[in-house]
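Protein chains: 2
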Amino acid sequence: MAVSKKRILFIIMDGMGDRACPELGGKTPLQAVDTPNIDWFVSKGNSGIMDVISPGIRPGSDTAHLSLLGYNAKEVYTGRGPFEAAGIGLIGRKGDVAFRCNFGTVDSDLNILDRRAGRIKAPDTTELVRSLSDIMIKGVEVTVREGTEHRAALLLRGPGLSSLVTDADPHDTAKVLESKPLVPEAALTAEVLNEFVRISYERMKDHPVNRKRREAGLPEANILLPRGAGSFPDIDPFPQVNGMSAACVAGVGMIKGICGVCGLDVIDLPPACTGGSDTDMILKTRIALETLEHYDFVLMNFKAPDVCGHDMMYAKKMEVIRKADVAAKYLRENMPEDMVVVFTADHSTPSTTGDHTGDPVPLTIYTDGMIQDDAEEYSEYGCAKGRLGRIRGHDLLPICMDLANRSEKFGA
Amino acid sequence: MAVSKKRILFIIMDGMGDRACPELGGKTPLQAVDTPNIDWFVSKGNSGIMDVISPGIRPGSDTAHLSLLGYNAKEVYTGRGPFEAAGIGLIGRKGDVAFRCNFGTVDSDLNILDRRAGRIKAPDTTELVRSLSDIMIKGVEVTVREGTEHRAALLLRGPGLSSLVTDADPHDTAKVLESKPLVPEAALTAEVLNEFVRISYERMKDHPVNRKRREAGLPEANILLPRGAGSFPDIDPFPQVNGMSAACVAGVGMIKGICGVCGLDVIDLPPACTGGSDTDMILKTRIALETLEHYDFVLMNFKAPDVCGHDMMYAKKMEVIRKADVAAKYLRENMPEDMVVVFTADHSTPSTTGDHTGDPVPLTIYTDGMIQDDAEEYSEYGCAKGRLGRIRGHDLLPICMDLANRSEKFGA
Numbered sequence: 001m002a003v004s005k006k007r008i009l010f011i012i013m014d015g016m017g018d019r020a021c022p023e024l025g026g027k028t029p030l031q032a033v034d035t036p037n038i039d040w041f042v043s044k045g046n047s048g049i050m051d052v053i054s055p056g057i058r059p060g061s062d063t064a065h066l067s068l069l070g071y072n073a074k075e076v077y078t079g080r081g082p083f084e085a086a087g088i089g090l091i092g093r094k095g096d097v098a099f100r101c102n103f104g105t106v107d108s109d110l111n112i113l114d115r116r117a118g119r120i121k122a123p124d125t126t127e128l129v130r131s132l133s134d135i136m137i138k139g140v141e142v143t144v145r146e147g148t149e150h151r152a153a154l155l156l157r158g159p160g161l162s163s164l165v166t167d168a169d170p171h172d173t174a175k176v177l178e179s180k181p182l183v184p185e186a187a188l189t190a191e192v193l194n195e196f197v198r199i200s201y202e203r204m205k206d207h208p209v210n211r212k213r214r215e216a217g218l219p220e221a222n223i224l225l226p227r228g229a230g231s232f233p234d235i236d237p238f239p240q241v242n243g244m245s246a247a248c249v250a251g252v253g254m255i256k257g258i259c260g261v262c263g264l265d266v267i268d269l270p271p272a273c274t275g276g277s278d279t280d281m282i283l284k285t286r287i288a289l290e291t292l293e294h295y296d297f298v299l300m301n302f303k304a305p306d307v308c309g310h311d312m313m314y315a316k317k318m319e320v321i322r323k324a325d326v327a328a329k330y331l332r333e334n335m336p337e338d339m340v341v342v343f344t345a346d347h348s349t350p351s352t353t354g355d356h357t358g359d360p361v362p363l364t365i366y367t368d369g370m371i372q373d374d375a376e377e378y379s380e381y382g383c384a385k386g387r388l389g390r391i392r393g394h395d396l397l398p399i400c401m402d403l404a405n406r407s408e409k410f411g412a
Numbered sequence: 001m002a003v004s005k006k007r008i009l010f011i012i013m014d015g016m017g018d019r020a021c022p023e024l025g026g027k028t029p030l031q032a033v034d035t036p037n038i039d040w041f042v043s044k045g046n047s048g049i050m051d052v053i054s055p056g057i058r059p060g061s062d063t064a065h066l067s068l069l070g071y072n073a074k075e076v077y078t079g080r081g082p083f084e085a086a087g088i089g090l091i092g093r094k095g096d097v098a099f100r101c102n103f104g105t106v107d108s109d110l111n112i113l114d115r116r117a118g119r120i121k122a123p124d125t126t127e128l129v130r131s132l133s134d135i136m137i138k139g140v141e142v143t144v145r146e147g148t149e150h151r152a153a154l155l156l157r158g159p160g161l162s163s164l165v166t167d168a169d170p171h172d173t174a175k176v177l178e179s180k181p182l183v184p185e186a187a188l189t190a191e192v193l194n195e196f197v198r199i200s201y202e203r204m205k206d207h208p209v210n211r212k213r214r215e216a217g218l219p220e221a222n223i224l225l226p227r228g229a230g231s232f233p234d235i236d237p238f239p240q241v242n243g244m245s246a247a248c249v250a251g252v253g254m255i256k257g258i259c260g261v262c263g264l265d266v267i268d269l270p271p272a273c274t275g276g277s278d279t280d281m282i283l284k285t286r287i288a289l290e291t292l293e294h295y296d297f298v299l300m301n302f303k304a305p306d307v308c309g310h311d312m313m314y315a316k317k318m319e320v321i322r323k324a325d326v327a328a329k330y331l332r333e334n335m336p337e338d339m340v341v342v343f344t345a346d347h348s349t350p351s352t353t354g355d356h357t358g359d360p361v362p363l364t365i366y367t368d369g370m371i372q373d374d375a376e377e378y379s380e381y382g383c384a385k386g387r388l389g390r391i392r393g394h395d396l397l398p399i400c401m402d403l404a405n406r407s408e409k410f411g412a
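Protein chains in written order, with the numbering used here: chain Z, 1 to 412; chain D, 1 to 412.
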């Protein structure tokens, strides 16, 4: 096409969809709050509702984001482990196996005294993880990365690995377990894992950090306890599949992990972008717009509505919606013209149920020159009055790429 | 079912979908033109919007028509070549390999002097093609058909053919190329092709037509230059799949080719049905109705809106829409009662972009006895207010067959 290519911004308001709240006279938080700025995008754009996976399916944030990025989540999703590892910066590739780990306290017979090493945290964990670098076992490269508090992630990379091994973590105060292969092909992985656990004990048991903790009467963190093996999925990188450079602006580890595994660049955010209800949405929006100066596609995630939904706090969700509307005002006043902007959610987290539901989420797609539709209000039903009808999550990206003049023609 | 079977007419207004035109105050050409006769079908029928392939995907006319005929375009589409050959009457079947050809001018060393033989045309090409009949090479049947001007199509039929061969046409004034097999299994095809090119030279070099051209100082057409090998797709014939006799009323070669390959009878049209903006739509509609006296299903294609879209001429598209509405008046006044009539498009060709887009197309299905819906106006958004919601192209035929009392029950 001769027309110029536009940039695409996805604003994913995590868990935004809700159900009728008795306290709000049967309205949802979105219906109860006036959102003049998001509604501006609704009135200029086209709206509809979206089943992020398929009708009635309750998506996780991980499967939902895969779908929104255009992947078939049912084909590529291999479990939560790899995305959690990726979320703390351990982005693997096909064939790699990731584990979630705890720092634990064991005696010299490897009986567990504390499965969380007294909820140890940085900077102690930072120093301890440093002692676990440069480990290579039977041709398998071993990488450890610290998470929050007593948590860490472990990545194995090498030929012939398998995720079909049992945990070393007994999930209890018992003896550390020998990992066992669940199929013969997983024997190497179990062997490497057991050897790694042994090495973690050897290297940490007399580490200066632990000597200091011993003196202070704190539980030592003298072993790493891996669990939840997961293979990295075989995902074709988003930029390669779609011919767009792409970045993610998100505060939450798992979202960063999913985007990282899909080949998006994960933008570092200042501490004010917390991933919680107290996050600075205007700052995040500003960073998204700055990022779009260098990228064709940006996915921005606001985690706050989901947190309120899980906490079953409709009033707090309304507050978050007001903040999101102020961020929409900033966007509207500062965005360039050649943009496709999407307001949607990865799933519903109703404040009446406290967990994800399979309700379709509201969707608005805005760019200049769209055919006017009747939708005027950004909400679960307000959007249903628009021209987009009811679509599926993995169709959103092709629709936006077409509007951004970035699609290949299929046929002649 | 005890009720009687109805006949089905698809009116495909090629490229009819559009986007908001600034010159029309943000309306589309369809929204800006009053179409009382098409709207009569909207008000009596049911409407919706349709993703001809899937949401956001930009269809070609070929893949779109395959989808509208109920096929999975992603499975059966093998490229444009076979449909172009079919469009000039060379309708092959699975295993056949088709080529596009030029008549060219070569010297006795097969150096190309003119790749288009002075843009030779009928009746010269008609006579020359006649000299290339009855050719059989190594068990492969060879058929040549003339196209427009210097163009022709070549069809090879026989066991063990492959489309994985290089062109004989050098696409330049160079020596005619030896076709080479790209895989060992294509050796026979390349050999047959090279032998055919040699025979075309032998049979045409002293042909009376060329002797006359020589005398008149015109470039001789003494060789055929094949290019763009393509295998005919494996398509189950439409009449067999759907239990309906079927015909196509279209002016454009490629559409005729697609319908022909799918097993529809291609109706010959008088010159007034041009396939362009100047086509006589009332005449074409009359022919479609006459054809329906002998067939269960007719696909009629108006190419004109697509041409206007590609030319980025919204005003001309509005003119074409007015003509289509007059044809709808003729249809309404002359059609029999037992009909299912569909007004839709194969894709959008917005006059703002000048090429196909993935926007959903407007759809109206009419037959007597339908449930009343709110759609009143045939347009991209007017139809979205109807009862059909948002469907996919390959679902249209089953919906119409059901309304025509022609579907088998699935289950008991």
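Be a bit skeptical, because a hint or two may be false.
In this list, chains with the same sequence are indistinguishable; a pair is considered to hold if it fits within one copy or across any two.
[Claimed, not checked] In silico DSS-like pairs for lysine-lysine, Cα to Cα no more than 30 Å straight-line:
1. K121 - K44
2. K409 - K205
3. K316 - K329
4. K323 - K409
5. K27 - K323
6. K409 - K27
7. K27 - K385
8. K316 - K409
9. K409 - K74
10. K316 - K5
11. K205 - K27
12. K180 - K205
13. K27 - K44
14. K27 - K5
15. K180 - K27
16. K205 - K121
17. K205 - K175
Read the hints as simulated data drawn from the structure, not as lab findings. For clarity, every value in this text was computed on a predicted model and none was experimentally measured.
The hints, checked one at a time:
no.	hint	result
1	K121 - K44	neither (49 Å within a copy, 53 Å between copies)
2	K409 - K205	neither (61 Å within a copy, 42 Å between copies)
3	K316 - K329	within (20 Å within a copy, 40 Å between copies)
4	K323 - K409	between (40 Å within a copy, 29 Å between copies)
5	K27 - K323	within (19 Å within a copy, 34 Å between copies)
6	K409 - K27	between (43 Å within a copy, 25 Å between copies)
7	K27 - K385	both (16 Å within a copy, 19 Å between copies)
8	K316 - K409	between (45 Å within a copy, 24 Å between copies)
9	K409 - K74	both (26 Å within a copy, 13 Å between copies)
10	K316 - K5	between (39 Å within a copy, 26 Å between copies)
11	K205 - K27	neither (57 Å within a copy, 74 Å between copies)
12	K180 - K205	within (25 Å within a copy, 70 Å between copies)
13	K27 - K44	both (24 Å within a copy, 13 Å between copies)
14	K27 - K5	between (39 Å within a copy, 23 Å between copies)
15	K180 - K27	neither (52 Å within a copy, 67 Å between copies)
16	K205 - K121	within (17 Å within a copy, 89 Å between copies)
17	K205 - K175	within (16 Å within a copy, 79 Å between copies)
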